[in-house]
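Engineer: For chain C, the structure is supplied; the task is to place chain B on it using the hints.
One line per chain: the protein sequences are C and B, in this order.
Quick note on numbering: the first sequence equals residues 357 to 438 in my numbering.
Quick note on numbering: the second sequence equals residues -10 to 337 in my numbering.
Hint data in this document are derived by calculation from the structure and do not stem from the laboratory.
The beta carbon of each residue, even a glycine, is placed where N, CA and C say it ideally should be.
Each hint should be verified, as a subset may be incorrect.
[Said to hold, decoys possible] Here are the computed distance ranges between Cβ atoms for each label pair:
hint, chain 1, residue 1, chain 2, residue 2, range
1, C, H431, B, K61, 50 to 58 angstroms
2, B, D320, C, L427, 26 to 34 angstroms
3, B, P235, C, N388, 25 to 33 angstroms
Residues per chain, in single letters:
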Amino acid sequence: MKIDKNIAISDNGLLFNPATGESFTVNKVGINIIKLMQQDKSVSEISAAVTSEFDVDIDTVEKDILDFGYLLQNHHLVRKDG
Amino acid sequence: MDKGVITIAVSGLNNIDSPGPGVSVIRGLREAKSFDVRIIGLSYENLEPAIYQKDIVDKTYQIPYPYAGTDKLFERIRYINEKENLQVIIPNFDSELYSFMKIEESLKQIGISMFLPTIDQFEERHKMNLTKFGEKYGIKTPKSKAIYDFSEYYDSMPNFNYPILIKGKWYDAYVAYNIEQAHSYYNKISAKWGLPVIMQEFVNGTEYNVTGLGDGKGNTISAVPMRKLFITDKGKAWAGISLKEPRLLKLTQHFISETNWRGGFELELMKDVNDEYYLIEINPRIPAWVYLAVGAGQNIPEALIKLALGEEVDPYESYIVGKIFIRYSMDMIIDKEEFELFSINGES
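Chain C with its partners taken away, still in its complex shape (with noise of 0.2 angstroms):
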């Protein structure tokens, strides 16, 4: 899962395509998501960066983070070899 290179995410979450002129807002953790998947992190090493951060379990952040990137999947955030 690879963010598009051309995407830029502002420090406050706005997240824009410059090729679609589309903008979204994301939260802080979405923020760290996008700047490590940015940094071509795997799932996994993100996941474990999200659960260093947050008291949460391993499983449930993975599942999270394959949501979020099927959404970004949707709105053609990710590149396609990614």
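Structural biologist: Then chain B, alone, in the frame of chain C:
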């Protein structure tokens, strides 16, 4: 350093909810880095708002509607020229462009330049010729057909599916979901804009637009893509954002280099569910949202003036992605005498 003042006449002063491009063009001209301007407005009606916006237009003259003929138009421009010594005219209405093209040479002889598409370019890209245009230049377009009588609709319908777009030759477009709607829109459009009326395949997707400028030799001087963020009930952009979409820029450069496009333009495109772009319309003039391009770093009106005056213009190479324009409307309070002055004298 004195930049010199250029006197430029501009039409399309109706900055209403479906605005003419005049005011945006003028704002670009007033922000030009290479010259100062004196702006002469050309208006058809006495309630075009920019007539009374003295920070936009220095003086306005009424001009005859295109149906009055090109002789009347030329006579009126000659009169205006005697008073104002015009150097360039930028016509901004689709419906007046043909008349201005017809008198381009005569205007040149009295010292007025323009930078318009050629009549061949103007005709070739016309809505009713769009399918042929697409085939000729290898650009995907939706199927379209010009009809002069509604009986032709029945003959053509086997080649189309519902919904279908019913479009006027100059303005207006409606989506029809059945024959009754199509007939009603045909009548409405033909009564307002005349014949033909255009049937066009409906492309389901998202609309994108590109404004740009071609130098007439195949070079792209400017190109800025935009997506509408807020659309009025007339389908006009009330807000939009500049985009970074290499495919749109490539398509625009292809359009310019293949046609040797001369002048400003707007491409209207639809991206369908398969991620393919379809060219749905080519407007042969600067669009009303051109000020976004100016704000993003490409002053199309300024470059157009320089081309009209025969100067060499370097192509713009970049623009700011993510610039947003948002329109607003505001009530202007004017005295009855101002309105009277323009209505009676045809100038103020």
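Engineer: Hint by hint, note whether the structure agrees.
Structural biologist: Okay, the hints, checked on the actual structure:
1. C/H431 <-> B/K61: 50 to 58 angstroms: 55 angstroms, holds
2. B/D320 <-> C/L427: 26 to 34 angstroms: 44 angstroms, violated
3. B/P235 <-> C/N388: 25 to 33 angstroms: This hint holds: roughly 30 angstroms between Cβ atoms.
This entry does not satisfy hint 2, going by the numbered hints stated previously; all others are met.
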